[in-house]
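Trainee: Use the sequences and the hints to build the structure in full.
The primary structure of each chain is shown beneath.
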Amino acid sequence: MSKILIVDDDKKIALALAARLKANGFDVRTAHDGMFAVSFAVKEQPDLIIMDINMPAGSGIQAAERIQNIASTTGVPIIFITASKDPALRAAASEVGAAAILDKPFESEDLVSMIRSTLHVA
Amino acid sequence: MKTERLVILAVEDDPGDLVVLRRLSQDVSRWDVEVVDCASSTACISRLAQGGVDLVLLDYQLGAVTGLAVLQAIQQAGFDCPVVFLTGMGDEQLAVEALQAGAVDYLPKSALSARSFQRVVGNAVEKAGLQRLVMRHQESLERANKELQDRNREITRFYHTVSHELKTPLTSAREFASLLLDEVPGEVNELQAEYLEYVLDSCDQLTRFVNDMLDVTRVETGKLKIQAQAGDLGEVVRRTVSTLRPVASKRGLRLEHSIPADLPQAWLDEQRVMQVLSNLLTNAIKFTPDGGQVSVQVARERADDRLLGVSVADSGFGIEDSQLEAVFDRLHQTDGDCADMEEPNFRGGLGLGLSICREIVQLHGGRIHAQSTLGEGSTFHFTVPVAGIPTQLEPKDSSS
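First to last, the sequence lines map onto chains H and W. Numbers 1255 to 1376, taken from this note's numbering, label the letters of the first sequence in order. Numbers 80 to 479, taken from this note's numbering, label the letters of the second sequence in order.
The hints are simulated quantities; they were obtained by calculation from the structure and are not laboratory data. Heads up, a few of these hints could be off.
To be verified - 27 Å max Cα-Cα, derived DSSO-like pairs, lysine-lysine:
| # | chain 1 | residue 1 | chain 2 | residue 2 |
| --- | --- | --- | --- | --- |
| 1 | W | Lys365 | H | Lys1266 |
| 2 | H | Lys1265 | W | Lys246 |
| 3 | W | Lys246 | H | Lys1339 |
| 4 | W | Lys188 | W | Lys302 |
| 5 | H | Lys1339 | W | Lys302 |
| 6 | H | Lys1257 | H | Lys1276 |
| 7 | H | Lys1276 | H | Lys1265 |
| 8 | W | Lys246 | H | Lys1276 |
| 9 | H | Lys1339 | W | Lys304 |
Mentor: So this is what it looks like as structure tokens:
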């Protein structure tokens, strides 16, 4: 069972996504800020991270950068979700190795199929 | 009757001339004139600084200095008091120079009379008054214009904030409704499922509004861009029509399209053209009574074969002639929309869609317009360029 870490400061969105992914057979953890996400990622060793970009305590980009710089979590695929269309943010997300960027609001089916294709599972 | 007081500052070093000026000023019928005098540039400036001077009479020959130098000093000190030159014999040529330098008028000493004095002084004071009035109006117009620009920026920023703030709760509302509908937490009965569909519909409608608001802020800030490439306009039409067919069917509307088989490739941003078409079709469906008809027609433009034209025709209420252009304005609403939000006629919408459509079409180098017959229906027509036309390869900047 693939383990997925969802990081979103909006607890409702994190909860909804968690329910959706659990229903799709994933093992899910949630974090609500970037700092916590980093330590959680190290402890839980997820197969994939869903990361909100705009969060008050440490942006998703910074968190992703730190996760990629820690040996035990380096290379973990990260799918960013964002309400912003700011091209600079997108560029920054690609730079820290975004597997994909998904615009809010999105269809959960799109996220699920994006996760599947990133993890190479049918 | 003399009602108003007029203070004239005579910059004059000839006592004889001063006597003449004082006498002439007694004969002015319109004002109660007081003549104060000084004999140097410095004295003139310090007297003006005290205020209350309505007019300066400036002798052209002031000992070693010329009146022109005094005029410059007055202007440099920032006084807008009208200046009339007193010119001596043979000074007429110099008078022209003085007028060019900003004097209001000149008064030849040789022709000094009660009449000429009253006329020149009267004109100068009136002219200065009018100038001040024009200046005040201009200032207030500039202020108003600046306020409007600020207000416009505020609205744009507000749209931007609102649309961002709406996106997050919208995402979670949609996701929770969709979780329920997919029976993730448990079984849902048929009626519950129907209601949840309504929730999803409303979320999608909100999403469109939010995206429209964001597009408008992009138009306002010149950030709306298109990424055009060669593409199949017919396919764009087919896809958009099939997306909207369920909406039309629900209302019992016939939704048809005709696309010629030999249609050349278009130069377009498919997503953006789809947005335009989807907007036009949604409007057409919205404003056509149940059982009516909406049709989309694609063809090479007859007037210009470097363009492809798309027409969206409906059998709806039609649009008044006077509104055919205004519908493309930002925040335009049909009368029915604005009359009363509680009315069943209220059709909602932010009045942004068509203004965005126009912008997108113009970015493609195309045009959009509407034709209508009241009671019979409306046709919206827009053009996009055929692919491979060199002059149209570079999309127009949104600011133009």
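Trainee: Out of the numbered hints, which ones does the structure contradict?
Mentor: Hints 1, 4 are the ones this structure does not satisfy, whereas the remaining hints hold.
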